[in-house]
Amino acid sequence: MILNSAKEAKGELVFTSFLFALSIVVLVDTINLTESNVVGFVGPKVFPFAIGIALFVLSGLQIVSVLRGERGTPEGVEGGQQVDKPVWRPFIQVVIAVIAYAALIDLLGFLIMGPVLFFTIAHALGATKKLKLAIVSIVLAVVVFFGFTQGLRLYLPLGFDFINQVDPSVEEDSGETW
Amino acid sequence: MDLANFLAGFSASLTWTNLGFGLLGTILGTLVGVLPGIGPALAISLLLPVTLVVEPTAALIMFAAIYYGTMFGGSTTSILLNAPGESGSVMTTLEGNKMARNGRAGAALATAAIGSFVAGAIATGILAVAAPTIAWIGIRMTPADFFALMVLAFGAVGSIMGQSLKRGLISLFMGLAIGLIGLDLQSGSQRLTFEIPRLTDGIETVVLIVSLFALGEVLYVALYGRLGGVKRNEFTGFATMTKNDWKRSWKPWLRGTAIGFPTGVLPAGGSELPTFLSYSLEKKLAKKKHDEFGNGAIEGVAGPEAANNANAAGAMVPLLALGIPTSATAAVLLVAFQQFNISAGPLLFTDQPLLVWTLIASLFIGNLLLLVINWPLAGVWAQLLRIPAPYLYAGIITFALVGAYVINSANFDIWIALVIGVLGLLFRRFGYPITPLILGVILGPMAEQEFRRALQGAAGDPAVLVSTPFTIAVYILLFLVITAPRLYSWLKKTGKIK
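Those sequence lines, one after another, are chains A and B.
Add 3 to a position in the first sequence, counting from 1, and you land on the number used in the numbering used here.
Add 15 to a position in the second sequence, counting from 1, and you land on the number used in the numbering used here.
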């Protein structure tokens, strides 16, 4: 129990220090800012500087509070219980699912990655009946895909662009917009 | 109230398109309210991409209906599951769930739905009268006045939300820092972009909100949650109240409205505070008559449920009249206005009278629709609670990532979403509130603009910030908001007051 709370304190200390570090990032970025063409009386540095200082002071004070033993109360979990000890397996599965989705969405399209995402996450969080889950994943993805692309006329990738040979010059052009 | 405009708005709201979107909004809102893990701010952000294709009036009607609808639907979950459907229903859970266990689920659901309707109707009425008046004042306000109001919103939300002042304020300043990312429009300087071209435009608000609320929540549940094991109270059939229930409910409804509306107008960060106040008041008042509180007292459902609806209507006042959001959901609604290049604020009533009055009229209609789809159909909505939690969370992520993608059709936004989602996870784990951060991101750039305008007008003299009586009054109010609760609890602790 003592060990657990010591570990918890360490976690919170690391997080608070991270916030403290971010305040330094804001300040350094502001100091290095080149004020190219300042118009008016308030340049682009004033606000970031104030924000950076405030974050610096507040997170500094918070580090002191944490060292003195103040602990953040974790938020409750809706539809279940909150546990103090992290459960890494489902978490890593969810993160991998999101990373895979981000990396492959343009390549394989939503009709593949949508069901994969839904299936992996629901499975990671404890859904057991795989066949039922697979069917729900596919149906949901199809409904979302056509709802967005046909109903709302918003673009979702169909993927597999590599099958249709794209003219390399066009590819280069679109690459240069950024 | 401007009667001619109001009537014009009413007739404009009665087109098939507007009614259709209103109905869609009420259904979606109730759905979102019923489902745990997804609240109004997230629901509206997920639907923000529709601003790219739907015309402004219809879209805004739908969003406002969602806001009202979640306040209705949240009670169903609180009463039937021992878990709130969204944060404004936490207080309803206490007595509502007890009532359901005693076989009085029907009465609890009925008093929640009717109370929400009564509060919504009264509060929307006050909104229709008050908003134009406040807008009239708003037109006469200086940039320094606006800046003061924004500082009030920041300070109040930062200090009320969360378990300590420092945590609330850190969350706020993190939001302000995130709001800095991108090109400073006035000077052309790049701030916090780290020479990544994609960051020049800043972080999309949709992406930000979706990742904080949806991704952050699911990552948190995956790491620190054990799903399942929640006991559900069965309810089928029709929700009814006895004569005695009516007698005990109507006063709490009105008191809840009286608490909810002003706390919505003031920047109190949403429906947590008013529902808590209403619950405490009802508990105190009921003590003289009976000691049912703790075992399922109907007043404990009627009051908070009225309060959270009145609160949603109250939040529309500063949003429409001044362009200042007082809760996370109102902040997202403001983004919806911005997507259409409509500036919410004092000029809205003169520049877009038809739009704003159609919206207000639609709130009345939506409120009525909500009563119709919630009261008789409570048993149907209850069936939604059969959806297993893992499916629900997987669905939330899927919609969240679709929402993040379609805004720019770019997977870069999904990477950003993952990073911010992890931040959301850590905020939840270490007890930092999310709302101040959201408000900081959305209101921060506006505050900077007003600040610059104010100093521009005064040739750089900072005294302009406290130059009007209004600004001084606002800063005094801010001081009181921050110090009063602390002074009170200090006095209580030292035994100076009971």
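If you are wondering where the hints come from, they were derived from the structure by calculation, not from laboratory data.
Glycine included, every Cβ here is placed at the ideal spot set by N, Cα and C.
Hints are not guaranteed to be accurate.
[What the hints assert, rightly or not] To spell it out: a stretch of chain A is covered by chain B in this simulated footprint if at least three of its residues, at any positions, have a beta carbon under 8 Å from a beta carbon of chain B; those stretches are:
{"hint": "1", "region": "27 to 35"}
{"hint": "2", "region": "90 to 98"}
{"hint": "3", "region": "124 to 136"}
[Said to hold, decoys possible] What follows is a list of derived Cβ distance ranges for each label pair:
{"hint": "4", "chain 1": "B", "residue 1": "R247", "chain 2": "A", "residue 2": "L134", "range": "20 to 28 Å"}
{"hint": "5", "chain 1": "A", "residue 1": "E73", "chain 2": "B", "residue 2": "T32", "range": "22 to 30 Å"}
{"hint": "6", "chain 1": "A", "residue 1": "L64", "chain 2": "B", "residue 2": "K508", "range": "18 to 26 Å"}
[To be verified] Taking lysine-lysine pairs in the BS3-like style, the calculated list, with each CA pair at most 30 Å apart, reads:
{"hint": "7", "chain 1": "A", "residue 1": "K135", "chain 2": "B", "residue 2": "K246"}
{"hint": "8", "chain 1": "B", "residue 1": "K298", "chain 2": "B", "residue 2": "K262"}
{"hint": "9", "chain 1": "B", "residue 1": "K262", "chain 2": "B", "residue 2": "K508"}
{"hint": "10", "chain 1": "B", "residue 1": "K304", "chain 2": "B", "residue 2": "K262"}
{"hint": "11", "chain 1": "A", "residue 1": "K133", "chain 2": "B", "residue 2": "K246"}
{"hint": "12", "chain 1": "B", "residue 1": "K258", "chain 2": "B", "residue 2": "K304"}
{"hint": "13", "chain 1": "B", "residue 1": "K304", "chain 2": "A", "residue 2": "K88"}
{"hint": "14", "chain 1": "A", "residue 1": "K13", "chain 2": "A", "residue 2": "K88"}
{"hint": "15", "chain 1": "B", "residue 1": "K302", "chain 2": "B", "residue 2": "K262"}
{"hint": "16", "chain 1": "B", "residue 1": "K246", "chain 2": "A", "residue 2": "K132"}
{"hint": "17", "chain 1": "B", "residue 1": "K302", "chain 2": "B", "residue 2": "K266"}
Hints and how they fare:
1. 27 to 35: holds (count 4)
2. 90 to 98: holds (count 7)
3. 124 to 136: The restraint on the region 124 to 136 of chain A holds, since 8 of its residues have a Cβ under 8 Å from chain B and three suffice.
4. B:R247 - A:L134: 20 to 28 Å: With Cβ atoms ~25 Å apart, the hint holds.
5. A:E73 - B:T32: 22 to 30 Å: 53 Å, violated
6. A:L64 - B:K508: 18 to 26 Å: At roughly 21 Å between Cβ atoms, K508 (chain B) and L64 (chain A) fall inside 18 to 26 Å, so the hint holds.
7. A:K135 - B:K246: Given that 30 Å is the threshold and the Cα spacing comes to 23 Å, the pair holds.
8. B:K298 - B:K262: At roughly 16 Å apart (the allowed maximum being 30 Å), K262 (chain B) and K298 (chain B) satisfy the hint.
9. B:K262 - B:K508: 38 Å, violated
10. B:K304 - B:K262: 13 Å, holds
11. A:K133 - B:K246: With Cα atoms ~24 Å apart, K133 (chain A) and K246 (chain B) stay inside 30 Å; holds.
12. B:K258 - B:K304: This hinted pair holds, its Cα atoms lying about 17 Å apart.
13. B:K304 - A:K88: 45 Å, violated
14. A:K13 - A:K88: 13 Å, holds
15. B:K302 - B:K262: Between K302 (chain B) and K262 (chain B) the Cα gap is close to 17 Å, so the pair holds against 30 Å.
16. B:K246 - A:K132: With Cα atoms ~21 Å apart, K246 (chain B) and K132 (chain A) stay inside 30 Å; holds.
17. B:K302 - B:K266: Satisfied, since the Cα-Cα distance of roughly 15 Å is no more than 30 Å.
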